[in-house]
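Turn these sequences into a full structure, and let the hints steer you where they fit.
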Amino acid sequence: MSNPIRSLAPLLLAAALMVACNEGGGAPAQTAAIPVTAPTTPGTPPSQEPTRVLWGDLHLHTAWSFDAFVFTTTATPDDAYNFAKGAPLAHPAGGVYQLDRPFDFLAVTDHSEYVGVVNAAADPSNPMSALAVTRNLLNPNPMTSGQAFLAMGAAIHNGNKDFFAPQRAASDKAAADAWAKTVEIANRQNDPGKFTALVAYEWTASQGGGEIHRNIIYRGNGAPLPYTSMDSNRPEDLWAFLETNRRAGRPVLAIPHNSNISNGEMFATTDSFGQKMTAAYVDARSRNEPVVEITQTKGTSETNPTLSPNDEFANFELLETFPGSTTPITQFAGGYVRDALKKGLAMQDGDGFNPYRFGVVGGTDSHLAMSPVIENNYFGTTGNRDGTAALRLNCTYCASGTDFRKFSASGLAAVWAPENTREAVFDAIQRKETYATTGPRIQVRFFGGFDFGDFAPGVGDWVKSAYKTGTPMGGALGTAQGRRPVFVVWAAKDPNGANLDRVQIIKVWSKGGVSHEQIFDAVLSGGRVVDPNTGKAPPVGNTVSVGSATYTNTIGAAILTGTWVDLAFDAAARAAYYVRVLEIPTPRWSTSDAVRLSRPAPSDLPSTIQERAFTSAIWYTP
Amino acid sequence: MEVARAGPAKGEALGRLLRQPLLQFVLIGALIFGLYSVLKGAEPSTPTEIHLGPAELKWLHETWRGQFGHPPSAMEMRAAVTAHVDEEMRYREGLALGLDRDDTVVRRRLAQKYDFLLGSQANETIPTEAQLRAVFERTPARYAAPALTSFCQVYFGEGAEGLARSRAAVAALAPSAAGKAQALPAGSGLRPNPRCYEGAAPDEAARDFGTVFAGTLDRLPRDAWRAPVEPGYGFHAVLVRARIPGQPLNFQQARRAVEADWRAEIVRQARERQDRDLRKRYRVTIDEAALSRLGAGTGP
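Chains A and B, in that order, give the protein sequences. Residue numbering for the first sequence follows this note's numbering, starting at 1 and increasing by one per position. Residue numbering for the second sequence follows this note's numbering, starting at 1 and increasing by one per position.
Since the hints were made in silico from the structure, they are not lab data. Honestly, I wouldn't trust all of these hints.
[Unchecked claim] Pairs of lysine-lysine, DSS-like flavour, derived with a Cα cap of 27 Å:
no.	chain 1	residue 1	chain 2	residue 2
1	A	K536	A	K511
2	A	K276	A	K511
3	B	K58	A	K173
4	A	K161	B	K58
So this is what it looks like as structure tokens:
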């Protein structure tokens with residue numbers, strides 16, 4: 001079942017989430033929303049808050065990734081950082097793109113396997129340039145280079161460091177040079193207080209049928225030669241390598257991604273040898289992997305309708321086949337974040353340890369050195385494969401297994417940090433005070449506690465109070481002492497984007513080794529209420545004109561805020577709570593593409609989507 | 001083609017090819033070789049000669065092993081040889097027909113590759129302090145902090161209600177209070193943003209209130225509350241208190257931007273140098289009359 005194509009081709013989709021009332025007959029959502037226009041105390045404007053939100057991409061490839069260069073990307077890490085800082089950048093398939101607002105941070109995460117080697121081999125003065133493998137990889141016909149790319153993927157999968165065999169020395173030297181330059185450029189582009197450039201790379205491993213890739217992020221300015229999947233494709237070995245770095249004074253962490261195409265391996269119930277997990281395994285995993293990437297261009301990994309049949313919003317940007325393959329994904333358990341959170345709680349009940357107590361971030365996984373996160377300005381992820389509206393909508397590469405129409409304009413990481421520095425961004429990820437969006441810059445504050453005192457979210461110095469008396473996203477509730485937990489959420493729309501539909505709190509819990517999930521509409525826009533019979537709220541509506549790919553902010557709300565009490569709280573059951581914020585429907589990128597091409601929107605794709613944010617959870621342990 | 005043979009069953013045209021009997025493949029290869037050995041004897045150094053000696057064959061052998069991790073079998077090796085010869089013939093015939101020149105994809109790809117090599121060389125150079133200072137001294141005025149705006153804002157909510165409330169609040173101000181920061185109540189207060197910003201750059205305003213708001217700030221009068229101003233969240237009243245023109249930066253403050261410019265500059269210079277070299281070797285003539293007829297005006 002080993003399929004190197006899957007494990008390496010760039011990819012697809014995403015999914016999403018939530019359902020209400022997986023069981024227990026669906027208690028009605030308990031809301032105590034404060035109306036947006038509530039009168040407030042005069043004076044006392046909020047002073048400096050302890051943290052502010054920072055936006056960035058923690059997953060981006062440049063020409064130094066072997067596959068990106070094959071896809072005709074020639075932009076370097078320097079170009080990627082400049083793009084993130086707001087500069088325009090030329091697209092390999094034509095056109096020039098620019099972010100509407102700069103990012104605050106970026107991690108360039110080129111594949112560590114053969115990093116910088118393919119672009120070095122393109123240099124006629126490099127001895128690798130004469131090799132047939134090189135010529136095939138750089139063949140202008142995407143079908144030819146695609147086959148060569150798959151062969152290279154197979155070599156990586158098999159741990160073969162001799163793909164450029166007669167020129168192994170030149171290949172190794174090119175990789176070492178590229179890594180030295182990667183570090184040097186990140187250090188040069190890092191601008192403390194203004195912009196954070198993280199030293200990072202991607203470990204591109206696959207074992208069985210799926211991808212178990214991780215992005216490796218360093219806190220400081222130095223890092224040894226990167227670990228590759230050719231050194232080992234076992235996460236246990238990667239963690240050992242990272243521990244060695246940590247002991248040497250180089251803090252570092254790993255971020256798993258695309259669990260949706262891991263064939264259920266990312267969040268399995270065993271270690272990578274198929275053995276029962278041990279406390280040592282779980283310790284190592286938790287120490288090294290505080291967060292996972294929940295959404296990106298190749299799909300959203302929150303949940304899947306199969307796993308969450310009662311979640312009316314679960315069918316969101318799901319990847320249906322493995323990348324570069326027509327093989328459908330059928331193994332959902334172990335591939336989605338909500339399922340892993342539940343499984344972790346249940347495992348703790350049984351084994352006494354939880355391998356899946358992690359937070360979430362987003363990233364794009366674009367192979368263009370630029371992040372495609374804006375729905376009406378999507379430019380693909382894969383160079384000359386999907387770089388124009390026609391290439392995408394014509395299903396140009398569907399026959400060979402990659403339906404680029406299913407890719408998403410998705411994947412932003414948001415962190416709550418006291419300042420914009422490497423240390424502050426890294427530490428926020430380490431403590432899981434992070435969340436993800438599918439592109440829009442939706443701001444979300446989320447606190448939980450048993451005794452919040454008397455304040456209203458959104459008013460005055462409420463954030464300072466919340467930090468003092470509660471725990472932010474990623475944290476843990478204290479002991480219940482007979483009380484119910486209270487959660488406070490504040491969400492604001494992207495000031496350049498669409499209004500918000502609703503704020504949901506998703507509760508997962510475990511009792512006696514059996515896990516459950518339930519979704520609560522904590523705050524609804526437009527004065528809607530949850531139907532006590534169905535447990536669901538009426539839809540927010542839809543203002544999208546598919547023919548022109550436009551929408552209006554005449555429905556929804558700019559800001560949603562409220563407090564929510566878990567009335568069904570069971571002090572004896574382990575639980576985790578996270579927030580999902582939904583925007584009102586807006587045109588999917590494919591609808592905008594269709595308008596550009598003067599053709600109808602594809603009938604087999606959603607013409608509108610509800611973009612969203614997902615926060616890290618807050619945990620309760622009895 | 002070799003690639004497809006061992007690759008995981010993927011491509012469709014390739015798949016069909018693979019389903020052809022290997023024997024047939026090898027026979028055709030043998031035929032081609034026979035033909036070429038004849039040609040070789042007759043016309044030793046014409047463009048139609050393809051010779052695979054020990055070095056080339058060893059290279060094909062190694063390439064195979066590099067790609068698939070094991071040496072080719074006899075039949076695989078034969079097939080690789082055939083495929084190579086096949087490709088080489090087609091490649092040459094294609095060149096002779098000018099297919100490379102007529103194909104925009106090939107043309108652009110080659111040109112991009114060429115430029116990329118140039119750019120990556122420039123990327124690797126480390127500038128000296130003196131070089132950077134020279135760049136800075138040439139155009140110091142280029143290095144200025146962005147213009148800053150000091151302003152206060154109060155949020156009144158969305159929709160008709162927010163609109164009416166923001167208008168009413170400003171209209172009710174006494175003339176003596178029209179320019180005072182604390183003259184308005186706190187509004188709905190639901191934004192976490194500060195009431196007043198001291199010297200905010202356009203990026204900061206766009207970050208907190210959206211890009212439209214950042215543009216609007218430039219057009220508001222000073223020292224007078226104005227409403228409605230509609231940023232991304234609803235309706236605000238805004239008081240612009242000061243505008244600070246972009247201040248020149250000294251070398252140390254501008255160093256980062258200077259280095260970026262220096263880097264862009266050496267890439268540009270390298271490209272110009274390359275253009276000059278190329279133009280020396282090519283004689284380019286353009287039919288100015290025809291160009292003119294196409295609306296491009298007269299030449300320089």
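Each hint tested on the structure:
1. Distance hint between K536 of chain A and K511 of chain A is fulfilled; the C-alpha atoms sit about 25 Å from each other, no more than 27 Å.
2. Simply put, K276 of chain A and K511 of chain A have alpha-carbon atoms about 21 Å apart, close enough for the 27 Å limit, and the pair holds.
3. Restraint check for K58 of chain B and K173 of chain A: the C-alpha separation of about 24 Å stays at or below 27 Å, so the hint holds.
4. A distance of roughly 20 Å separates the Cα atoms of K161 of chain A and K58 of chain B; the hinted pair therefore holds under the 27 Å criterion.
The structure fails none of the hints (numbered hints given earlier).
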